[in-house]
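Asks: Can you build the whole structure from these sequences, using the hints too?
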Amino acid sequence: MSADSGAITRAEVAHLARLARLAVNDQELDVFADQLDVILGAVARVGEVAADDIPPTSHAVPLSNVFRPDERRAGLTQEQALSGAPAAEEGRFRVPQILGEEE
Amino acid sequence: MSAPASTPGLVDYDEVVERFDPVLGIEVHVELNTNTKMFCGCPTDFGAEPNTQVCPVCLGLPGALPVVNRAAVESAIRIGLALNCSIAPWGRFARKNYFYPDMPKNFQTSQYDEPIAVNGWLDVELDDGEVVRVEIERAHMEEDTGKSLHVGGATGRIHGAEYSLLDYNRAGVPLIEIVTKMIPGTRERAPEVARAYVTALRDLLRSLGVSDVRMDQGSMRADVNLSLSPRDSGVLGTRTETKNVNSLRSVERAVRYEMTRQAGVLLDGGPVVQETRHFEEASGTTRPGRRKETAEDYRYFPEPDLVPIAPSQEWVEELRGTLPELPWERRKRVKAEWDLSDEELRDLVNAGALDLIAATVAEGAPSGEARSWWVSYLAQQANTRGVELAALPISPADVARVIELVASGELTNKLARQVVDGVLAGEGAPDDVVKARGLAVVSDDGALITAVDEALAGQPDVAQKIRDGKVQAAGAIVGAVMKATKGQADAKRVRELVLERVNA
Ligand SMILES: [Zn+2]
Chain C
1 MSADSGAITR AEVAHLARLA RLAVNDQELD VFADQLDVIL GAVARVGEVA ADDIPPTSHA
61 VPLSNVFRPD ERRAGLTQEQ ALSGAPAAEE GRFRVPQILG EEE
Chain B
1 MSAPASTPGL VDYDEVVERF DPVLGIEVHV ELNTNTKMFC GCPTDFGAEP NTQVCPVCLG
61 LPGALPVVNR AAVESAIRIG LALNCSIAPW GRFARKNYFY PDMPKNFQTS QYDEPIAVNG
121 WLDVELDDGE VVRVEIERAH MEEDTGKSLH VGGATGRIHG AEYSLLDYNR AGVPLIEIVT
181 KMIPGTRERA PEVARAYVTA LRDLLRSLGV SDVRMDQGSM RADVNLSLSP RDSGVLGTRT
241 ETKNVNSLRS VERAVRYEMT RQAGVLLDGG PVVQETRHFE EASGTTRPGR RKETAEDYRY
301 FPEPDLVPIA PSQEWVEELR GTLPELPWER RKRVKAEWDL SDEELRDLVN AGALDLIAAT
361 VAEGAPSGEA RSWWVSYLAQ QANTRGVELA ALPISPADVA RVIELVASGE LTNKLARQVV
421 DGVLAGEGAP DDVVKARGLA VVSDDGALIT AVDEALAGQP DVAQKIRDGK VQAAGAIVGA
481 VMKATKGQAD AKRVRELVLE RVNA
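Residue numbers (full-length UniProt numbering), protein chains in the order written: chain C, 1 to 103; chain B, 1 to 504.
By construction, these hints were calculated from the structure, which means they are not laboratory data.
Please read these numbers as outputs of a predicted model, since none were measured by experiment.
Mixed in with the good hints, there may be bad ones.
[Said to hold, decoys possible] Calculated Cβ distances over 12 Å to all of chain C for the following chain B residues:
1. K181
2. E281
3. P311
4. T322
5. P366
6. T384
7. A407
8. A429
[As the list claims (entries may be wrong)] So the derived label-pair ranges between C-beta atoms look like this:
9. B:A48 <-> C:G84: 18 to 28 Å
10. B:S229 <-> C:E12: 32 to 42 Å
11. C:N25 <-> B:L149: 27 to 37 Å
12. B:G368 <-> C:N65: 46 to 56 Å
13. C:A11 <-> B:G284: 36 to 46 Å
14. B:L61 <-> C:E12: 26 to 36 Å
15. C:H59 <-> B:A436: 52 to 62 Å
16. B:L149 <-> C:V38: 35 to 45 Å
17. B:D14 <-> C:H59: 50 to 60 Å
18. C:L22 <-> B:G129: 51 to 61 Å
The beta-carbon is built from N, C-alpha and C at its ideal position, and this holds for glycine as well.
Replies: And the structure:
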């Protein structure tokens, strides 16, 4: 698959990395740009077989209006909820310092 | 607190209005008062212990699948209809992706380019009776985020914090975002228009019964967008979005402050930065937050775990049939029924009393008494507490009951105020307060006669005066009886008994 259908640039990878608050070095930018290119190229092949008269779809099953009644169901206890968390404090999930955000 | 206008960089408000046209835009987020969350059966109660109203769906655990709450969709459609919007016949949810831990899924399920309601309007009445039509761009469904607590650092803000603690009870609570189109041409009244719009929207949502609309508890939140155009140029300026605006008064202050701040930046030759700003309640100023990520950065895409919502015409019409009398309809009716002048009506509306009075009347109270309670005694109480009338912890039904107790002679006006004090103090419903405080009128003649006889015996000279025909002297005896019964007797009946017993 050629990368002619809009190759991912290093600048785009750097931008995505910034949104994800990931520190990515120059060498990794190249690696990820190549890898993302391959992934997008593979997905883009769908566009080659879809004719103009086929509308884009977001779901495999042609259903709509699947609802549940507004009734409460038992969820998890606080202990259960926090049981998989790497760190917890005062009944809350503890997460590392949030970077690059101001509330 | 120094006056913001004197701070360097801010421009005097009159000068701002002379040189610039403000363009407003307001986004209001309202939490629905459904029993359960948007996509799972977890409760939505305010103030529960952290992480006790969570499940695999709203914690974003692997394999958990969301299912849409039908009641939330119905509320969204009813809100859209009340705002004169068209209801979209088909629409999907989308994932809004971002890296911030307030959503454990790492995305927020929202509606992006297919909102459920579009193109409506809301007529907003200003303090002097002028009506401004605010165009509504859209109302869409989404879910609320969790609450974060930033630990370490002096300010409790993210900046300087060492780590953060997350409570996901609120994550997934149904949220409707209502977005106005740009509101131009408001000139010096921009701050007032902004407040009046949020007020009108709050009243509307309250009458629909879809939300608690408590700005102090965050169930209704306003973001204010503002830009300045050079006066009469029609050239749009760069806008800022001010968040954390948590009261009606703050809406007005935030707009006013941003006008003076942006004018300062522009007159200084600088560009206004497109950014999110935070309103500081204490100082009435805004401070910069993050630079806005563009919609592209959120990488919206259709939510694959949910199927589209396609409200049928019949369903929409059925919901239209459930719309209650809306605030402006009620105002029109009440004005006619109570025979109010424009000014009287406006005073009641501005005091936030009209809907409360109407609700009290709906509970069976005569309109005169209902008005009197809300605009005098209760208004004073609200004023003393520094809260809005509607935020007083007393319901129209409570007030109607107090009025009923006075009408039936079980309470005097004075006792009624004590009962209301008890309700406001959280002692329960009026009947509970009457019982607990022992406030019922002493209507038992036997007990009163004893008290009257004692008072007469205690003041024989006064008793003689009354017997000699000086009826006005009876006041002293009535006073003594009222004192002895701690004010719980009906003074009129006491007077009758005094005149009767003095010759007994
Ligand atoms: Zn849940």
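Asks: Now tell me if each hint is right for this structure.
Replies: To see whether the hints hold, each was checked on the structure:
no.	hint	verdict
1	K181	holds, 27 Å
2	E281	holds, 14 Å
3	P311	violated, 8 Å
4	T322	holds, 15 Å
5	P366	holds, 37 Å
6	T384	holds, 33 Å
7	A407	holds, 39 Å
8	A429	holds, 26 Å
9	B:A48 <-> C:G84: 18 to 28 Å	holds, 20 Å
10	B:S229 <-> C:E12: 32 to 42 Å	holds, 34 Å
11	C:N25 <-> B:L149: 27 to 37 Å	holds, 34 Å
12	B:G368 <-> C:N65: 46 to 56 Å	holds, 49 Å
13	C:A11 <-> B:G284: 36 to 46 Å	holds, 41 Å
14	B:L61 <-> C:E12: 26 to 36 Å	holds, 31 Å
15	C:H59 <-> B:A436: 52 to 62 Å	holds, 59 Å
16	B:L149 <-> C:V38: 35 to 45 Å	holds, 42 Å
17	B:D14 <-> C:H59: 50 to 60 Å	holds, 57 Å
18	C:L22 <-> B:G129: 51 to 61 Å	holds, 57 Å
Violated hint: 3 only; the structure is consistent with all others.
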